[in-house]
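Engineer: Sequence:
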Amino acid sequence: MAPPPPPDEATNNNVNGSSSSALDTSTGRPKRRRLKTRKNKEEIENQRMTHIAVERNRRRQMNEYLSVLRSLMPESYVQRGDQASIIGGAINFVKELEHCVQLLSAKKETKERPNGSSSGCSSPFDEFFTFPQYSTSSTRGDNNSIPMNESMVETRSAIADIEVTMVESHANLKIRSKKGPAHLLKLVSGLNSMRLNILHLNVTTVDQTVLYSLSVKVEDDCKLTSVDDIATAVNQLLGRIQEEAVLN
Numbered sequence: 001m002a003p004p005p006p007p008d009e010a011t012n013n014n015v016n017g018s019s020s021s022a023l024d025t026s027t028g029r030p031k032r033r034r035l036k037t038r039k040n041k042e043e044i045e046n047q048r049m050t051h052i053a054v055e056r057n058r059r060r061q062m063n064e065y066l067s068v069l070r071s072l073m074p075e076s077y078v079q080r081g082d083q084a085s086i087i088g089g090a091i092n093f094v095k096e097l098e099h100c101v102q103l104l105s106a107k108k109e110t111k112e113r114p115n116g117s118s119s120g121c122s123s124p125f126d127e128f129f130t131f132p133q134y135s136t137s138s139t140r141g142d143n144n145s146i147p148m149n150e151s152m153v154e155t156r157s158a159i160a161d162i163e164v165t166m167v168e169s170h171a172n173l174k175i176r177s178k179k180g181p182a183h184l185l186k187l188v189s190g191l192n193s194m195r196l197n198i199l200h201l202n203v204t205t206v207d208q209t210v211l212y213s214l215s216v217k218v219e220d221d222c223k224l225t226s227v228d229d230i231a232t233a234v235n236q237l238l239g240r241i242q243e244e245a246v247l248n
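Counted the way full-length UniProt numbering counts, the sequence shown spans residues 1 to 248.
Derived by calculation from the structure, the hints in this document are not laboratory data. As the structure is a prediction and not an experimental result, all values here were calculated from the model. We put the beta carbon where it would ideally sit given N, CA and C, even for glycine. There could be a bad hint or two in this list.
List time: in silico DSBU-like cross-link candidates among lysine-lysine, alpha-carbon distance up to 35 Å [said to hold, decoys possible]:
(1) Lys-217 / Lys-107
(2) Lys-179 / Lys-108
(3) Lys-95 / Lys-41
(4) Lys-111 / Lys-95
(5) Lys-39 / Lys-179
(6) Lys-95 / Lys-217
(7) Lys-179 / Lys-95
(8) Lys-95 / Lys-107
(9) Lys-223 / Lys-111
Between beta-carbon pairs, the in silico distance windows are [what the hints assert, rightly or not]:
(10) His-51 / Arg-80: 47 to 55 Å
(11) Arg-113 / Asn-192: 35 to 43 Å
(12) His-170 / Ser-71: 18 to 26 Å
(13) Lys-108 / Ile-198: 43 to 51 Å
(14) Met-62 / Ser-226: 26 to 34 Å
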């Protein structure tokens, strides 16, 4: 019968066996976890860098577009170089160009009339008004197809045709009235007293009719806060101007 192994060898075998199995378990799972965590971090970093690159490219393209847009406008339409000012100036510039086209069309139509006679019941610049707050006409001629809000159109007390549109603190005014001495000077003075700072002004006259097209800045201390307020104030101002003209 073989003698049992020495106690030292048995102890060493048990220790080696247990240590090797512990190493297997200890060197397996933690390695997989570390690899997975490292891969997740790399994916997150790649996504972040891709997002940064896309955003940088978008801003570069936007700056190029804004630069081109600004180069197409007169400097007076852009007060500052930020995005909102450039886009706002471009909108006003396009409106101004549309206004010029319509005015030239009205002049051309007037010149083509035989002996200056008026055709039908239409008046100069009829097509220039879409939704006037004040109208001197009980009917709009060719504009009958345009829906008119009766609560916004005053026909009895209207001194002139007045249409006001407003975007934030900027307003566009279209005024059609009869010609009169010093009307423009008094109109500009009256608007300034209302804290409506005139940015652009166009005046076109056809026969005895004058069309004022104004772009104004509504100052912070202005008491007129809506298109109806501005239209009513302008109508009252024109009424005072006409009364003064009659008295003089």
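Engineer: Run every hint past the structure and note whether it holds.
Structural biologist: Going through the hints against the structure:
For a cut-off of 35 Å, the pair hint linking Lys-217 to Lys-107 stands: about 29 Å separates their Cα positions. Straight-line distance between C-alpha atoms of Lys-179 and Lys-108 comes to about 20 Å, which keeps the hinted pair within the 35 Å bound. At roughly 52 Å between alpha-carbon atoms, Lys-95 and Lys-41 are farther apart than 35 Å, so this suggested pair is violated. For the hint linking Lys-111 to Lys-95, the alpha-carbon distance of about 24 Å falls within 35 Å, and the restraint holds.
Of the pairs offered as hints, the one joining Lys-39 and Lys-179 is violated, with about 79 Å between alpha carbons and a cut-off of 35 Å exceeded. Restraint check for Lys-95 and Lys-217: satisfied, since their Cα atoms lie roughly 15 Å apart, inside the 35 Å limit. For the hint pairing Lys-179 with Lys-95, the CA-to-CA distance comes to about 24 Å; that is within 35 Å, so the pair holds. At most 35 Å may separate the alpha-carbon atoms for a hinted pair to count; Lys-95 and Lys-107 meet this at roughly 18 Å.
With a C-alpha separation of about 42 Å, the suggested pair Lys-223 and Lys-111 falls outside the 35 Å cut-off, and the hint is violated. Between His-51 and Arg-80, the C-beta spacing of about 29 Å breaks the proposed range 47 to 55 Å. For the pair Arg-113 and Asn-192, the beta carbons lie near 37 Å from each other, so the given range of 35 to 43 Å is met. Range check, His-170 to Ser-71: Cβ separation about 22 Å, and the 18 to 26 Å hint holds.
Taken as a hint, the range 43 to 51 Å is violated for the pair Lys-108 and Ile-198, whose Cβ atoms sit roughly 28 Å apart. As the Cβ distance of Met-62 to Ser-226 is approximately 33 Å, the hint placing it in 26 to 34 Å holds.
The earlier numbered hints that this structure contradicts are 3, 5, 9, 10, 13.
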